[in-house]
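Model the placement of chain C on the given structure of chain F, informed by the hints.
Number of protein chains: 2
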Amino acid sequence: MELRARVNMMRCSHRLLCSLFLAAALFGVAAAATRRHDWDISYQFTSPDCVRKLAVTINGHTPGPTIRAVQGDTIVVNVKNSLLTENVAIHWHGIRQIGTPWADGTEGVTQCPILPGDTFAYTFVVDRPGTYMYHAHYGMQRSAGLNGMIVVEVAPGAAGDGEREPFRYDGEHTVLLNDWWHRSTYEQAAGLASVPMVWVGEPQSLLINGRGRFVNCSSSPATAASCNVTHPDCAPAVFAVVPGKTYRFRIASVTSLSALNFEIEGHEMTVVEADGHYVKPFVVKNLNIYSGETYSVLITADQDPNRNYWLASNVVSRKPATPTGTAWALNNVSFTLPHTPYLVAMKRGLLGAFDQRPPPETYAGAAAFDVYAVQGNPNATTSDAPYRLRFGSVVDRDAPVAPPRPRLLGARLRRRPVRPGVLQNANMLAANSSETHPWHLHGHDFWVLGHGAGRFDPAVHPAAAYNLRDPIMKNTVAVHPFGWTAIRFRADNPGVWAFHCHIEAHFFMGMGIVFEEGVDRVGDLPPEIMGCGKTRGGH
Amino acid sequence: MELRARVNMMRCSHRLLCSLFLAAALFGVAAAATRRHDWDISYQFTSPDCVRKLAVTINGHTPGPTIRAVQGDTIVVNVKNSLLTENVAIHWHGIRQIGTPWADGTEGVTQCPILPGDTFAYTFVVDRPGTYMYHAHYGMQRSAGLNGMIVVEVAPGAAGDGEREPFRYDGEHTVLLNDWWHRSTYEQAAGLASVPMVWVGEPQSLLINGRGRFVNCSSSPATAASCNVTHPDCAPAVFAVVPGKTYRFRIASVTSLSALNFEIEGHEMTVVEADGHYVKPFVVKNLNIYSGETYSVLITADQDPNRNYWLASNVVSRKPATPTGTAWALNNVSFTLPHTPYLVAMKRGLLGAFDQRPPPETYAGAAAFDVYAVQGNPNATTSDAPYRLRFGSVVDRDAPVAPPRPRLLGARLRRRPVRPGVLQNANMLAANSSETHPWHLHGHDFWVLGHGAGRFDPAVHPAAAYNLRDPIMKNTVAVHPFGWTAIRFRADNPGVWAFHCHIEAHFFMGMGIVFEEGVDRVGDLPPEIMGCGKTRGGH
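As given, the protein sequences belong to chains F and C, one line each in that order.
This note's numbering puts the first residue of the first sequence at 728, with every later residue one more than the last.
This note's numbering puts the first residue of the second sequence at 728, with every later residue one more than the last.
Next up, chain F with everything else stripped away, as it sits in the complex:
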């Protein structure tokens, strides 16, 4: 599957206008401020790939508006839920919510959902420049259309020449990648929850900035009546560039399922940022991007200006017919979200809100676990028990993950990591099948210490395969089929944070855990985050 959008080379014929355009892109915002947004969440009929479908929208649109701010700004988003019977919650993906753990937008973890008719104000500081995203974190609403981008610029300083990016560019574009299904998310979720499970299947289309084109528009009986190739919603996204100038493309993937490969026809890309962190620049012709990741690339419009160039994304790492397992789990424990947000239950000591027994630190037979073997027993325990971390400790997650049996080598609470944990990806229920899982951590970035193929060996790999000198920092990292990935972070952000596979159906089915750290240091909780589970009715 492939989707293309056009890059238009524009000859800039008016010097003043061109200068204004570039200035706006570079210095369009003032210094630290409070930026308020009023969002109305509603159902709307949209045709993002030319096929009419009911979507969950922000102010009538999907994707929602790009939030633009300057490092240090306070963002206030008043989210009014105008859905009929459905609640919402919105996560600010990549924003660490330091001091505001209740604003992370993770239903069941940091807040009760926002009820129809209610308005919830998310207030948080964007403390670091970079490229981020937001999306619903409730049910499968992200896939239903509730998503968008966040761009945080460096603070320009009073004279407009303060902190600088470690690279220069003349203009920028945002590129939000997504995948899209014609069936409703209610139907997808009902299938996932049924026995036997009905998998969501491959997406019908890929979207760039909410626009795509269903290739079987006229030939598919199912869409014949609802497909209109001239619908303005599905006109390709166009990215205008001025010949000779250098552009920053801020790319985010909010896909539900698909790992994508991104390229701009005829142009090399210099990768300069990943998940809000500058990286040592490197040049690529194309870029793999997994759900939950963001990248910035620089391109120079140095090709023939008399034609257009395609910006394209393709599915990688999955065959359309990939058989999919029937469970997911961590250390044989499948995660279920409780109905009282952890943050409230832990802060207030509400017993019975979740399983008080600690989850397993490792799994039986970890040392001898055969990651290539077909998993014979699809049964895993269901639990909502969180991992409680000692505040300030360094956490290594060389925790294995596998569908249907991802394995977690425990949350080790050591000040100095001796043996890192690994996200280990094993075989699924069917033979020769294993998928890439992008794992996303809330409230933190983490160092990616290393990764490799096969079973992680704590006696060998840390010494042989770890980069402890200049590891990349990310908030989302891919764990490849039959492989492992080791990460490290310091538990220094008081709150309760989800850590989960960013494939929406996988998280929905239990592929995630929750960390608690320093919840006693969290300030008074806003009452607005309560109202469900054991916090219902004023309890």
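I should point out that these hints are in silico values taken from the structure, not numbers from a laboratory.
Built from N, CA and C at the ideal position, the CB exists for glycine as well.
The reader is advised that the hints may include incorrect statements.
To be verified - Part of the chain F face toward chain C, derived, beta carbon under 10 Å:
hint, residue
1, Q771
2, F772
3, S809
4, G835
5, G844
6, Y865
7, T912
8, A951
9, P1065
10, T1067
11, P1254
Unchecked claim - Mimicking DSS-like on lysine-lysine, the simulated pairs with C-alpha atoms at most 25 Å apart in a straight line are:
hint, chain 1, residue 1, chain 2, residue 2
12, C, K972, C, K1012
13, C, K807, C, K1261
14, F, K1007, F, K972
15, F, K972, F, K1012
16, C, K807, F, K1261
17, F, K807, C, K1261
18, C, K972, C, K1007
19, C, K1261, F, K1261
20, F, K807, F, K1261
Okay, now just chain C, sitting in the frame of chain F:
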């Protein structure tokens, strides 16, 4: 549109089994008891008319189970919401909830909705024998499948020969009538809420006890892939009868839109009950039944036992091409449900939860109002202001109702009604169009004093057209096109009660009001009904 189900004449060949069958039907339940039900609300794929669709179900089924009880029993229904992101609330239609106004199940009026993952216990007494129903009272979930019947038998007394019905029968059947759309209720609601409004359109099928047959199953491209005429979900309902015996058919209509005509081929029906009240028996060949109404009819299986007889329902009172208006309103005020339940807001004196200004007692130009005129101005005020009744007063509602301009001649708070109000049905936006509106009152039954064609004239009609001697009691009454209907009830049930058109799309669009009466006499409110609006987060 017509739907048929079979009545099977069975020769009863085994005397003991037949006797057991009849005894079970007549005396199947013991004296006053507490009857507990555990319901799990979830999405399930169903094929009620042979076309596969996602429905909201109770314990996996739509309709839900019939609640059977004996007069005086306490019913406890533990409703667990296992939907993904969607809340629920369930109304016990026809049960007056004397002393338990918080258990009426009307979202926004008597309770906050039940959140996903939460369980809410509805506890109430069924104080009167009769035929009732239950259904969701939130968004358009009733139409999505959340409905069923309630049968309350007369108390048999200790010796099994206590109170008796004023008629005899040998067995009984329940018949739940419904209409069914292939488009989801989310799509229907989004259309109703959009500008210009997109009307839900005529139903694709009619259902008897959740079973029907889409007539264009194979010919419609839209359903070709999802229609299976051999699906067990759409096998016709069969009502077995023994020749020579007399049966009570308890009939309820939970349709979203359709007024139906019900008949049993070759059999006359004796109507003996309406909305839980015995009526002077009368014989009909067919019966008009409006959404929200229940009837009991007696039939004797006195026809040729060697063949089957069709039980059929047909749409009446609407032409499929009926143009539909674009607003609804009462006294030019369109009702909007607030986000804090009235019952809580009024009991606790929460200011700002709803409009404190009283709604209009009548409407401008009422005396000269031309019910036949095309309504030129579709704009009506939106309000959530309730009508507050003096406790114990007799309320006459000769309140006019019209789509799109239903007119309410005020809530008169007189101990002795001098001039009754009328539900007046006027012309819609299009010429020569007016529909039948079945109005349903919560917490009460009412006397139907009279009805007539054209504009209600308070100087003429009460004397000329009212039956004050033996008026029928109902909880739902139809107001016919261009006609009026006068009702009366005593405001003697402390609580807050909805009064609205039972056509789901009409209520969704604002065709309803709320009465408050004696809320100071309501006992302590259960905290479980709170958690939304101004009762969120422990406020």
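Evaluated hints:
no.	hint	verdict
1	Q771	holds (7 Å)
2	F772	holds (7 Å)
3	S809	holds (8 Å)
4	G835	holds (8 Å)
5	G844	holds (3 Å)
6	Y865	holds (6 Å)
7	T912	holds (8 Å)
8	A951	holds (6 Å)
9	P1065	holds (8 Å)
10	T1067	holds (9 Å)
11	P1254	holds (3 Å)
12	C:K972 to C:K1012	holds (19 Å)
13	C:K807 to C:K1261	holds (24 Å)
14	F:K1007 to F:K972	holds (22 Å)
15	F:K972 to F:K1012	holds (19 Å)
16	C:K807 to F:K1261	holds (15 Å)
17	F:K807 to C:K1261	holds (15 Å)
18	C:K972 to C:K1007	holds (22 Å)
19	C:K1261 to F:K1261	holds (18 Å)
20	F:K807 to F:K1261	holds (24 Å)
Violated hints are absent here; each numbered hint is respected by the structure.
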